[in-house]
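Asker: Below are the chains, spelled out letter by letter.
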Amino acid sequence: MIKIGNRAIREILGFLLIYLLLAVVFEILNPGFWSTQIVLSMAVQLPELGLLTLAMFIPIVSGGLNLANTILANICGIVLAWFLVGYAGGEAPLIVVVFACLLALTIGFAFGAAMGTIVAYFGIHPIMVTLSMMIFLQGLGEFITRGGDISGLASNFQFLGYGTVIGVPIPLAVFVAASIICHLFMAKTPLGFTIYMIGSNIRASEFSGLATKRALIWIYAASGVLCAVAGIIMTARFNSVRVGHGESYLLISVLACFLGAVHPFGGFGRVSSVFLAVLILQLVSSGLNGLGANQHLSTALWGALLVLVMILRWALIRLSSSRL
Amino acid sequence: MLKLLRFGLKAVAVGAIILSLSTLALAQDNPRIGLVVKVGGLPWFNAMEQGLQEKGAELGLVGQMIGPTSADPALQVRAIEDLIAQGVEVIGVVPNDAAALEPVLKKAMDQGIKVITHESPDQENAHWDFEMVSAKGFGEAHAELFAKVTGGKGPYALYVGSLTVPLHNLWADYALEYLAANYPDMTLIGDRYGVAESVDDSRQTALDLMAANPDLVGFLTFGSQGPIGAGRAVEERRVADTVQIVGSFSPGQGMKLLKAGAIDGGYMWNPRQAGEVFATLADMLLNDIEIVDGMTIDGLGEVHPDFENGNIIVDQLQPITTSTVDELAAMGL
Numbered sequence: 001m002i003k004i005g006n007r008a009i010r011e012i013l014g015f016l017l018i019y020l021l022l023a024v025v026f027e028i029l030n031p032g033f034w035s036t037q038i039v040l041s042m043a044v045q046l047p048e049l050g051l052l053t054l055a056m057f058i059p060i061v062s063g064g065l066n067l068a069n070t071i072l073a074n075i076c077g078i079v080l081a082w083f084l085v086g087y088a089g090g091e092a093p094l095i096v097v098v099f100a101c102l103l104a105l106t107i108g109f110a111f112g113a114a115m116g117t118i119v120a121y122f123g124i125h126p127i128m129v130t131l132s133m134m135i136f137l138q139g140l141g142e143f144i145t146r147g148g149d150i151s152g153l154a155s156n157f158q159f160l161g162y163g164t165v166i167g168v169p170i171p172l173a174v175f176v177a178a179s180i181i182c183h184l185f186m187a188k189t190p191l192g193f194t195i196y197m198i199g200s201n202i203r204a205s206e207f208s209g210l211a212t213k214r215a216l217i218w219i220y221a222a223s224g225v226l227c228a229v230a231g232i233i234m235t236a237r238f239n240s241v242r243v244g245h246g247e248s249y250l251l252i253s254v255l256a257c258f259l260g261a262v263h264p265f266g267g268f269g270r271v272s273s274v275f276l277a278v279l280i281l282q283l284v285s286s287g288l289n290g291l292g293a294n295q296h297l298s299t300a301l302w303g304a305l306l307v308l309v310m311i312l313r314w315a316l317i318r319l320s321s322s323r324l
Numbered sequence: 001m002l003k004l005l006r007f008g009l010k011a012v013a014v015g016a017i018i019l020s021l022s023t024l025a026l027a028q029d030n031p032r033i034g035l036v037v038k039v040g041g042l043p044w045f046n047a048m049e050q051g052l053q054e055k056g057a058e059l060g061l062v063g064q065m066i067g068p069t070s071a072d073p074a075l076q077v078r079a080i081e082d083l084i085a086q087g088v089e090v091i092g093v094v095p096n097d098a099a100a101l102e103p104v105l106k107k108a109m110d111q112g113i114k115v116i117t118h119e120s121p122d123q124e125n126a127h128w129d130f131e132m133v134s135a136k137g138f139g140e141a142h143a144e145l146f147a148k149v150t151g152g153k154g155p156y157a158l159y160v161g162s163l164t165v166p167l168h169n170l171w172a173d174y175a176l177e178y179l180a181a182n183y184p185d186m187t188l189i190g191d192r193y194g195v196a197e198s199v200d201d202s203r204q205t206a207l208d209l210m211a212a213n214p215d216l217v218g219f220l221t222f223g224s225q226g227p228i229g230a231g232r233a234v235e236e237r238r239v240a241d242t243v244q245i246v247g248s249f250s251p252g253q254g255m256k257l258l259k260a261g262a263i264d265g266g267y268m269w270n271p272r273q274a275g276e277v278f279a280t281l282a283d284m285l286l287n288d289i290e291i292v293d294g295m296t297i298d299g300l301g302e303v304h305p306d307f308e309n310g311n312i313i314v315d316q317l318q319p320i321t322t323s324t325v326d327e328l329a330a331m332g333l
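Chains as they are written, first to last, in this note's numbering: chain E, 1 to 324; chain L, 1 to 333.
To be clear, the hints were calculated from the coordinates, so they are not data collected in a lab.
Cβ atoms here follow ideal geometry from the backbone N, Cα and C, with glycine treated the same way.
Treat the hints with caution; some may be incorrect.
To be verified - Anything over 12 Å on all C-beta distances counts as not near chain L; from chain E, calculated: (1) Gly32; (2) Ile38; (3) Gly147; (4) Leu153; (5) Tyr162; (6) Leu184; (7) Phe193; (8) Ser205; (9) Arg237; (10) Phe238; (11) Arg242; (12) Gly246.
Said to hold, decoys possible - Pairwise CB distance ranges, derived in the manner of DEER restraints: (13) E:Lys188 x L:Met109: 55 to 63 Å; (14) E:Val98 x L:Ile289: 33 to 41 Å; (15) E:Ser320 x L:Met109: 35 to 43 Å; (16) E:Thr164 x L:Met109: 16 to 24 Å; (17) E:Ile166 x L:Met331: 33 to 41 Å; (18) E:Phe159 x L:Ile289: 34 to 42 Å; (19) E:Ser35 x L:Ser70: 27 to 35 Å; (20) L:Asp29 x E:Thr106: 47 to 55 Å; (21) E:Ile166 x L:Ile289: 40 to 48 Å; (22) E:Ile317 x L:Met331: 49 to 57 Å; (23) L:Asp29 x E:Val168: 28 to 36 Å.
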């Protein structure tokens, strides 16, 4: 047990080192880069991608994928916005806002559980199930909204996107809370353990008496709920929602998981590392924006960073095993 | 291992130095304008960036363009967040989705940043939106050119990109109205054809229409592929002298057909000029120069702003003719 703990701490320290290195590089290249402003800017940008990455993380650990994450987030946002705007337009009592958020979470849970059920009981690969769901929801969303957006949400709902609690932006607080809950869920609960086992070897898990089918439903349901949280935050931040918002986050959320040392075929991965990976991606993005660099270059650097980190990781493993 | 690490660090350092070379040269005391466009890497927005930077340099502004990697409003919001954090003085945007930008632009304005938008009339939370062409001006200019090249009489056909593209149909409405009022001898064949987003459909429809109407004098098309498709049909049938084609198209794509006389001309607006206007308006806002009715603004000409909705709409049409097409195509447009 102690050994695992050590490895986890080593991994976290490694990510912190990369983060610090990049932070120093950006400060050298762009003196005055680090300011309260930039920290706040990164803090409010992080959560959308971060929550979607968590929604991608759980299925990846189980050896699957959730390609429907961004679209599902927007569908939840659309239902929420439709309810809020339909109910009250510009002003809504707090209870209605709470109810609308619960509605969005329920929708996320329901679609997630539906995907999980299909994966579990029909034995179809998650890539196909979630891809079908993504396309289904995309079409449905375009149909419901006629390709346009729903905007003009209640001001106390927008508070979720731009408000602060004791100086902390609410989206960030939500993301940090979601990360901690995710960590506890994956590391401390029997269900979390089952998810890791499913990712390592689903047949062996099943023969060992683990309830894999039920766990698969929970995996996608949990992912769906995280999508819904991301959808609520995005809707609040943009004061509008449409099917296409944040669609570019889909592949980046996969990238963030791999950068966070999640095993591509499942079974291994830590929430803490994924959290730091998202921080690093945001730093690269904001840092390059600060330098006035081309956005395509920042995408290219994300890719390069992933390759670099993987090579470094390989080298570290070689180094530590040769010492043994 | 150490070697590998060292190599990695070197690679990062070299990359970073290359990056910084361009930015370090900029003077930090000049006011900065950050322009967020729909998508990066398109010739249209490259031309806009060039205009912004040239005009900006002339006025003592530092222009910076951010082009997201896809037309996703979420990426534009992120880019604007970063611009606010950097403390730029002016933010310019060509929105992908006007509504999604409202909160972040409000945040910018709350911090005293000037906000200018383009191609987004009635934008909330912006000081001004400017449009290089009005729907009326664009439709009527094409109609007038079309009447001129066809001699102002005879049957003609009208293309739009698709029957569901609101802007194309608005242009078409104004053009039809103008032709009906000023050239009553011109008659529209059928209804408008929603084919001008596709070269093949435009070509096929043109061939069919010419076969069915031997006395057809021309095609007026709104939608970028209409002139190209119809132009090919006219060239195939060798009727470039009798059937005229007018419409807006991409200069690089239609250059050959225009020079061959199959396409007879059209109008567009110049993204480079739009980039210059961003700089000019930014400079005016920063120097508290009030924009008043009837004043002349560099790049926009005489303006009659809509103060209520914050729109400045002018008709700075860029004709696409045999003499301008080379220059426009060279810009990659």
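Asker: Of the hints given before, which are not true for this structure?
Answerer: 1, 2, 3, 4, 5, 9, 10, 11, 12, 13, 14, 15 and 17
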